[in-house]
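**Q** Respectively, the protein sequence lines represent chains S and F.
Residue numbers for the first sequence follow UniProt numbering, so the first one is 1 and each next one is one higher.
Residue numbers for the second sequence follow UniProt numbering, so the first one is 1 and each next one is one higher.
Hints are computed from structural coordinates only; laboratory data are not their basis.
Keep in mind that the hints are not guaranteed to be accurate.
As the list claims (entries may be wrong) - Here are a few chain F residues that face chain S, going by a calculated C-beta distance under 10 Å:
hint : residue
1    : R63
2    : G328
3    : R329
Using N, Cα and C, we set each Cβ at its ideal position, and we do this for glycine too.
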Amino acid sequence: MLRASLLALCAAMPAAADEIWVSNEKDDTISVIDIETLEVVRTIEVGERPRGITFSKDHSVLYLCASDSDSVQVIDPETGEILHDLPSGEDPEQFVLHPDDRHLYIANEDDAITTVVDTETRTVVAQIDVGIEPEGMAVSPDGKIAITTSETTNMAHWIDTETQELFANTLVDSRPRHAEFIKDGTELWVSAEIGGTISVFDVATQQETTKIDFEVQGVHPDRVQPVGFEFTNGDTHAFVALGPSNHVAVVNAETYEVEDYILVGRRVWHMEFNRDRSLLFTTNGVSGDVTVIDVAAREPVKTIKVGRFPWGAAFRPTE
Amino acid sequence: MLRLALATMCLAAPAWAQIDVTVHYLTVERELPPTLSNLDPRPERLGLDGAAVAIEDNATTGRFLGQTYALTDSTVPLGEDPAEAARAALGETLFLVIDAPAEVLTAIADLPEAQGAILFNATEGANDLRDAECRANLLHTIPSTAMRTDALAQFLVRKRWDDLPVIAGTHPDDLAYLAALERSLTKFGLEIGTRKDWVFDADMRRNAAQEVPLFTQDLGDYDALLVADELGDFGRYILYNTWEPRPVAGSEGLTAVTWARVVEQWGAVQLQNRFEEAAGREMEPEDYGAWAAIRALGEAVTRTSAADPAALRAFLLSDEFELAGFKGRPMTFRAWNGQLRQPIPIVHPRALVANAPLEGFLHQRTELDTLGLDEPESACTAFD
Numbered sequence: 001m002l003r004a005s006l007l008a009l010c011a012a013m014p015a016a017a018d019e020i021w022v023s024n025e026k027d028d029t030i031s032v033i034d035i036e037t038l039e040v041v042r043t044i045e046v047g048e049r050p051r052g053i054t055f056s057k058d059h060s061v062l063y064l065c066a067s068d069s070d071s072v073q074v075i076d077p078e079t080g081e082i083l084h085d086l087p088s089g090e091d092p093e094q095f096v097l098h099p100d101d102r103h104l105y106i107a108n109e110d111d112a113i114t115t116v117v118d119t120e121t122r123t124v125v126a127q128i129d130v131g132i133e134p135e136g137m138a139v140s141p142d143g144k145i146a147i148t149t150s151e152t153t154n155m156a157h158w159i160d161t162e163t164q165e166l167f168a169n170t171l172v173d174s175r176p177r178h179a180e181f182i183k184d185g186t187e188l189w190v191s192a193e194i195g196g197t198i199s200v201f202d203v204a205t206q207q208e209t210t211k212i213d214f215e216v217q218g219v220h221p222d223r224v225q226p227v228g229f230e231f232t233n234g235d236t237h238a239f240v241a242l243g244p245s246n247h248v249a250v251v252n253a254e255t256y257e258v259e260d261y262i263l264v265g266r267r268v269w270h271m272e273f274n275r276d277r278s279l280l281f282t283t284n285g286v287s288g289d290v291t292v293i294d295v296a297a298r299e300p301v302k303t304i305k306v307g308r309f310p311w312g313a314a315f316r317p318t319e
Numbered sequence: 001m002l003r004l005a006l007a008t009m010c011l012a013a014p015a016w017a018q019i020d021v022t023v024h025y026l027t028v029e030r031e032l033p034p035t036l037s038n039l040d041p042r043p044e045r046l047g048l049d050g051a052a053v054a055i056e057d058n059a060t061t062g063r064f065l066g067q068t069y070a071l072t073d074s075t076v077p078l079g080e081d082p083a084e085a086a087r088a089a090l091g092e093t094l095f096l097v098i099d100a101p102a103e104v105l106t107a108i109a110d111l112p113e114a115q116g117a118i119l120f121n122a123t124e125g126a127n128d129l130r131d132a133e134c135r136a137n138l139l140h141t142i143p144s145t146a147m148r149t150d151a152l153a154q155f156l157v158r159k160r161w162d163d164l165p166v167i168a169g170t171h172p173d174d175l176a177y178l179a180a181l182e183r184s185l186t187k188f189g190l191e192i193g194t195r196k197d198w199v200f201d202a203d204m205r206r207n208a209a210q211e212v213p214l215f216t217q218d219l220g221d222y223d224a225l226l227v228a229d230e231l232g233d234f235g236r237y238i239l240y241n242t243w244e245p246r247p248v249a250g251s252e253g254l255t256a257v258t259w260a261r262v263v264e265q266w267g268a269v270q271l272q273n274r275f276e277e278a279a280g281r282e283m284e285p286e287d288y289g290a291w292a293a294i295r296a297l298g299e300a301v302t303r304t305s306a307a308d309p310a311a312l313r314a315f316l317l318s319d320e321f322e323l324a325g326f327k328g329r330p331m332t333f334r335a336w337n338g339q340l341r342q343p344i345p346i347v348h349p350r351a352l353v354a355n356a357p358l359e360g361f362l363h364q365r366t367e368l369d370t371l372g373l374d375e376p377e378s379a380c381t382a383f384d
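So that you can see chain S by itself, here it is in the shape it has in the complex (with noise of 0.2 Å):
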């Protein structure tokens, strides 16, 4: 009797599965959609143009860039509630999240600027002057090193993040945008999206080993924009998002072909994967949705609406 309606109350709990967060730039809204039924299940207000997205690592807490508000906003994700905000320096765009669980590195696209914020005291640790329009961010999996890439200086540069500076600052193409370490922190990749083409760095000699290049059949070079991208189990493969040429790339990162190309939404930006990286969710600017993408067998499932100019996404799981 008593198991029986514990398993009622367990069918209504709302938040019984998991979850994945979108920022949507120009609603000043996120969607929360529900990974069973792939429906957004929440809308929460939050401030003004909300971009980079991510939870602490033990996910009781969201933070989010409200550009537009000069702030970090710190949610319960429970309720939605806006908890405090965080100093984040003018316009942040773009976080990561050091393994630390408290460090927040943080681009500040319109000062030229990184700033370190410190979670739990509220504060601004350090800020390191970087090029143009810093956006991308990374750290290495053990922390020492993290990564800003600048959009016109169209440079990485390496932080130091023992001492809060500058010790390399790489050349790559036009626009880059985003940044993620992989192989245990051995290999760093940068997308440059107006040179479309994603650099990849030995990180122990910072030097340039390998320059991928896309091509979308029937669509014009220019238009192919690597933005976002994400690394699969075993980091395997990376699925990468090509901004207005409306596709994801799949490559293959040990030798780096290209071997998929797979049709989105319109202006793909940056992309989330599920608990056991079977789904992937590619925010769609344009077009204001969300495509579900089948990871093992490479095709689009579903489209789901989300908010207007969807930015960002964070996984949230429900257990």
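Given chain S, work out where chain F should sit, using these hints.
**A** Frame of chain S, contents of chain F only:
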């Protein structure tokens, strides 16, 4: 011992050599006839403000590479000799960004002192400069008038607006624009319908509502009314005063422009913000032309680690060069006439309407070459 110390120093120093680049911005004042309205005065530092922002952009990048960028400027008042000012500037640097009429640009480019220099035309749209009057040392970062009228023509084709009367002013700039419009419409299979010349000398702020309906009554039915009024004299009084309720396009209403404050996609907001913060006003096409010139130069210096004009010119005209210009596509130079390829926003005062080249206008090289003088059309031989 010394050699060893030197070797160690070289290893310790960054891999980049110190490079210092000075750019001179030369303004040659033009005679501006009076216009009916003074609502939009010409900003005092038009163009120069764009140059200043680009120098800052270059300097920020240069900081990480041991490169510095400096901007100097001079103005030639009406009636004075531009050649003298140009010679003085060329004595200081071989990188000039120039705001001057077409005939002054070619005169400067032909100076013995300018041979081996890189001159950027930042503000002059004259098609001749990309055609028979081109110069090997003169690059154009402002679009030609043909690029703008081609963009508009693509839009008219897309909308199937093919009955197109025109009202034209009498200033040489109006006539040049009208000629470019005619060429573009022909290129895309359209033609200009009835032409009426604007010869009024009354002050339209008082009587546009009475005059324009009558003036446009005999145009009969049509799709859109084209206006050739590059000085911004009478065009603003045509809108909403036509006999038939029709859209207005050309120099007024729906315009194809180098740049406008309503361009906000493709990261453009960042450039708009940087500019407004620095200049305290909105960024105009001339500012964009100057910005693009100095950013292109900076990009070439960054990528080649060179400061010698011959090497930089070769790189600028090569396939390796590309500039991220906040208009949605990489921008490159046409190797046959030195024109910077670029998308052309089609705007009204409150929003971007379309961005040319429009979808469906194809070209074997790049769709951007559907705008302006293509290689077979251009009589330019200085780049061969």
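**Q** Starting from the hint list further up, note which numbers the structure goes against and sort them upward.
**A** none
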